[in-house]
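Residues per chain are reported as follows:
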Amino acid sequence: MAQTITIDPVTRLEGHGRITLKTNDQGEVSEAYFSVTQVRGFEKFCEGRPYYEMPALMARICGICPVSHLIASAKACEAIMSVEVPPTAAKLRRALNLAQTIQSHALSFFYLASPDLLLGMDADPAERNIFGVAKAHPELGRAGVGLRRFGQHMIELLGRKRIHPGWVVPGGVTQPLEQAKREEILALLPEAYANIKMALTAYKRIAGRFQDEIDSFANFPGPFMGMVSESGGLAFTDAGLRMIDAEGLVLVDNLEAAGFDDCIGEAVEPYSYMKFPYLKSLGYPRGAYRVGPLARLNIASHAGSPLADIEMNEFKKLANGPVLGSFHYHHARLIEILHGIEAIEQLFSDNSILDKHVRARAGVNRQEGAGIAEAPRGTLMHHYKVNDNGQITWANLVIATGQNNNAMNKGVLQTAQRFVKGDKLSAGMLNRVEAVIRTFDPCLSCSTHAYGEMPLAIELLAPDGTRLDLVQRP
Amino acid sequence: MNKIKLATVWLDGCSGCHMSFLDMDERLLELSSQFNLVYSPLVDFKDYPEMVDVALVEGAISSVEDEHKIQHIRKHTTLLVAMGDCAVTGNVPAMRNPFGPLPILERAYHENVSAQPQTPSVIVPALLEKVRPVHEFVSVDLYLPGCPPAADTFFTVITELLAGRIPDVASLTRFGA
Ligand code: SF4
Numbered sequence: 001m002a003q004t005i006t007i008d009p010v011t012r013l014e015g016h017g018r019i020t021l022k023t024n025d026q027g028e029v030s031e032a033y034f035s036v037t038q039v040r041g042f043e044k045f046c047e048g049r050p051y052y053e054m055p056a057l058m059a060r061i062c063g064i065c066p067v068s069h070l071i072a073s074a075k076a077c078e079a080i081m082s083v084e085v086p087p088t089a090a091k092l093r094r095a096l097n098l099a100q101t102i103q104s105h106a107l108s109f110f111y112l113a114s115p116d117l118l119l120g121m122d123a124d125p126a127e128r129n130i131f132g133v134a135k136a137h138p139e140l141g142r143a144g145v146g147l148r149r150f151g152q153h154m155i156e157l158l159g160r161k162r163i164h165p166g167w168v169v170p171g172g173v174t175q176p177l178e179q180a181k182r183e184e185i186l187a188l189l190p191e192a193y194a195n196i197k198m199a200l201t202a203y204k205r206i207a208g209r210f211q212d213e214i215d216s217f218a219n220f221p222g223p224f225m226g227m228v229s230e231s232g233g234l235a236f237t238d239a240g241l242r243m244i245d246a247e248g249l250v251l252v253d254n255l256e257a258a259g260f261d262d263c264i265g266e267a268v269e270p271y272s273y274m275k276f277p278y279l280k281s282l283g284y285p286r287g288a289y290r291v292g293p294l295a296r297l298n299i300a301s302h303a304g305s306p307l308a309d310i311e312m313n314e315f316k317k318l319a320n321g322p323v324l325g326s327f328h329y330h331h332a333r334l335i336e337i338l339h340g341i342e343a344i345e346q347l348f349s350d351n352s353i354l355d356k357h358v359r360a361r362a363g364v365n366r367q368e369g370a371g372i373a374e375a376p377r378g379t380l381m382h383h384y385k386v387n388d389n390g391q392i393t394w395a396n397l398v399i400a401t402g403q404n405n406n407a408m409n410k411g412v413l414q415t416a417q418r419f420v421k422g423d424k425l426s427a428g429m430l431n432r433v434e435a436v437i438r439t440f441d442p443c444l445s446c447s448t449h450a451y452g453e454m455p456l457a458i459e460l461l462a463p464d465g466t467r468l469d470l471v472q473r474p
Numbered sequence: 001m002n003k004i005k006l007a008t009v010w011l012d013g014c015s016g017c018h019m020s021f022l023d024m025d026e027r028l029l030e031l032s033s034q035f036n037l038v039y040s041p042l043v044d045f046k047d048y049p050e051m052v053d054v055a056l057v058e059g060a061i062s063s064v065e066d067e068h069k070i071q072h073i074r075k076h077t078t079l080l081v082a083m084g085d086c087a088v089t090g091n092v093p094a095m096r097n098p099f100g101p102l103p104i105l106e107r108a109y110h111e112n113v114s115a116q117p118q119t120p121s122v123i124v125p126a127l128l129e130k131v132r133p134v135h136e137f138v139s140v141d142l143y144l145p146g147c148p149p150a151a152d153t154f155f156t157v158i159t160e161l162l163a164g165r166i167p168d169v170a171s172l173t174r175f176g177a
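Chains as they are written, first to last, in our numbering: chain A, 1 to 474; chain B, 1 to 177.
If you are wondering where the hints come from, they were derived from the structure by calculation, not from laboratory data.
Every residue, glycine too, gets a C-beta built ideally from N, C-alpha and C.
Fair warning: there could be bad hints in the mix.
[Stated by the list, open to error] Calculated cross-link-like contacts (lysine to any residue; reagent style SDA-like; alpha-carbon spacing at most 25 Å): (1) B/LYS75 - B/ASP152; (2) A/LYS410 - B/GLN118; (3) A/LYS356 - A/PRO125; (4) A/LYS161 - B/ALA170; (5) A/LYS197 - B/ARG27; (6) A/LYS385 - A/LYS197; (7) A/LYS385 - A/GLU47; (8) A/LYS410 - B/VAL122; (9) B/LYS130 - A/ASN396; (10) A/LYS161 - B/LYS3; (11) B/LYS3 - A/LYS356; (12) A/LYS385 - B/LEU102; (13) B/LYS3 - B/LEU102; (14) B/LYS5 - A/PRO87; (15) A/LYS317 - A/GLN211; (16) A/LYS135 - B/PHE155; (17) A/LYS161 - B/ALA94; (18) A/LYS161 - B/ARG27.
[To be verified] Covered by chain A, per the in silico footprint, the following chain B stretches (three or more residues, Cβ under 8 Å): (19) 9-23; (20) 41-47.
Based on the sequences and whatever the hints tell you, model everything.
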């Protein structure tokens, strides 16, 4: 008999989500839906407000990656002002974005995913959390807390607040860097290096245990999109986008913020508040693509910093061409942390970082502007229109996690087909279906411009729609 | 010693309050020997326990699901804390109120869409007409303003609560802190 399974809430995720699985008459899972259950309306309620307020307002979309929103939003405003940001301000913002990527990746890897990786997918749910990890693997637990603290502390030193710093504004940043703070930041680096090296070694030691998951966690061919530097290296701010196909052939190159909407469309499905972006030239759903750490590492030829270059070389040997298995997002995240630390060291070792000219000023010179940045979870785009007074009249946001929506849905189906047997939901199976979503580190708050506790329900439905089993939070 | 049962709940907020809670860093690991985190986006329990000693609630109430949840949580919680400006005043999520839910959905799922425009209607919960702070639905025992409240504030508040005292929040934080 066919049936439907619901998992609600999906835990250890950042946002509100629910999984519905449908089985066919043979009792096999035939359909899977990952629904995001919140929407907030930033694209609408910003209307009438002054454009220069946007970075601080839009940052409130997400408390995990507010910096990427600050930067993409500021860049959209700078397009409206037609100004160029002073070079030192651009460098400072780049460093801030890297610090955020480090703390966000540390959150994803250690606080949310490592319980599955270090304690096991079938471990006691009561222990399967960061506190359990800190008990069972005290050194690694502390390394994770330390890496997240490093990123947050650096954001605080630069922006005066760990969450929602007001430092990034249209035109640059409000204040230059002081020598004392630069030294303080450089002094944090040795501990950060030690922590990420320990984590990479530990991850590579255990990754081999997860062959089943590597094979079934959203492992499929499809395009990838991400930012890339002029020389083809990793980039998170101030560069163009590239899209490649599953063989590594370039589909789109040098895509700038202004052309984003022409190239990328968004579709809606009835079961989720999270939209489904796609490459317009391929149509929906064929044009669905993946973004984030795995995409960036697949697109870039090198990291552009010595230690991460070595790690990236090794990473690229996982496949002949782009790495297609989404389980490897975890590994890619750790490599990006290492690169982030190195890139921060590079930026802060150069005296130009202390330059006092960090803000360009101008009024409204154009009525439309778009900005892009790489958020921890992938490409982020803000697009605004203003009237002559600089009041917002329209906005569109394309958020990193949304661009993985299709892949997450496919991954849930693939994993459910591999691990769901019969009409009962076993806990280990449930956790694996959730774990496939965790590899993408979705920020569901961002993606619906909403955030919320993740009420992931897995509901198992019969072909006639009757509910066979349900697991969920109240 | 009976450990305190602590829950953290995430409604219509940006998660920044939860992140600030985590910003206690190592201090959180140390404090964790004195409480059990029985329900939270950080742990794997799917059901809200029969009785929770302290619940920290982030975010405003904006959908029928949020409303249902906060009622359930109130019934099963001794001390309910409104954590952060969204929970305390409605803050940013409430900025949609002058527009109402329809134009929000219209902009997101019809205007700014190039394929299959439609308002999501299955599985997802309906939006409330207005976004409102937590205390307009249930009684709140402690207000912790800030966007977000700082990690040091969390540390003081939780240390005090663990010692069985109600902290003096006014000296620690303010709206938008
Ligand atoms: S109070 Fe501020 S930090 Fe907390 S959820 Fe609301 S917007 Fe985010």
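Hints, verified against the model:
Our distance criterion of 25 Å between C-alpha atoms is broken by B/LYS75 and B/ASP152, whose separation comes to about 29 Å. Using a Cα cut-off of 25 Å, the hinted pair A/LYS410 and B/GLN118 holds, with the two alpha carbons roughly 22 Å apart. For the hint linking A/LYS356 to A/PRO125, the alpha-carbon distance of about 52 Å lies beyond 25 Å, and the restraint is violated. For the hint linking A/LYS161 to B/ALA170, the alpha-carbon distance of about 20 Å falls within 25 Å, and the restraint holds.
Pair hint A/LYS197 plus B/ARG27 holds up; C-alpha atoms about 23 Å apart against a cutoff of 25 Å. For the given pair, A/LYS385 sits about 45 Å from A/LYS197 by alpha-carbon distance, which is inconsistent with the 25 Å threshold. About 9 Å separates the Cα atoms of A/LYS385 and A/GLU47, which keeps this hinted pair within 25 Å; it holds. A distance of roughly 19 Å separates the Cα atoms of A/LYS410 and B/VAL122; the hinted pair therefore holds under the 25 Å criterion.
Of the supplied pair hints, the one linking B/LYS130 and A/ASN396 holds, its CA atoms being roughly 22 Å apart against a limit of 25 Å. Simply put, A/LYS161 and B/LYS3 have alpha-carbon atoms about 32 Å apart, too far for the 25 Å limit, and the pair is violated. A hinted pair counts as satisfied when its Cα atoms are at most 25 Å apart, and B/LYS3 with A/LYS356 does not qualify at roughly 52 Å. Restraint check: the Cα-Cα separation between A/LYS385 and B/LEU102 comes to about 21 Å, which is no more than 25 Å; the hinted pair holds.
For the suggested pair B/LYS3 and B/LEU102, the alpha carbons sit about 46 Å apart, so the restraint of at most 25 Å is broken. With a C-alpha separation of about 51 Å, the suggested pair B/LYS5 and A/PRO87 falls outside the 25 Å cut-off, and the hint is violated. Among the hinted pairs, A/LYS317 with A/GLN211 is consistent with the structure: their alpha-carbon atoms are about 16 Å apart, no more than 25 Å. With a CA separation close to 21 Å, the supplied pair A/LYS135 and B/PHE155 stays within the 25 Å bound.
Of the supplied pair hints, the one linking A/LYS161 and B/ALA94 holds, its CA atoms being roughly 23 Å apart against a limit of 25 Å. With a C-alpha separation of about 18 Å, the suggested pair A/LYS161 and B/ARG27 falls inside the 25 Å cut-off, and the hint holds. With a cut-off of 8 Å between beta carbons, the stretch 9-23 of chain B has 14 residues touching chain A; three or more are needed, and the interface restraint holds. Here the stretch 41-47 of chain B counts 7 residues with a CB under 8 Å from a CB of chain A, which clears the bar of 3, and the coverage holds.
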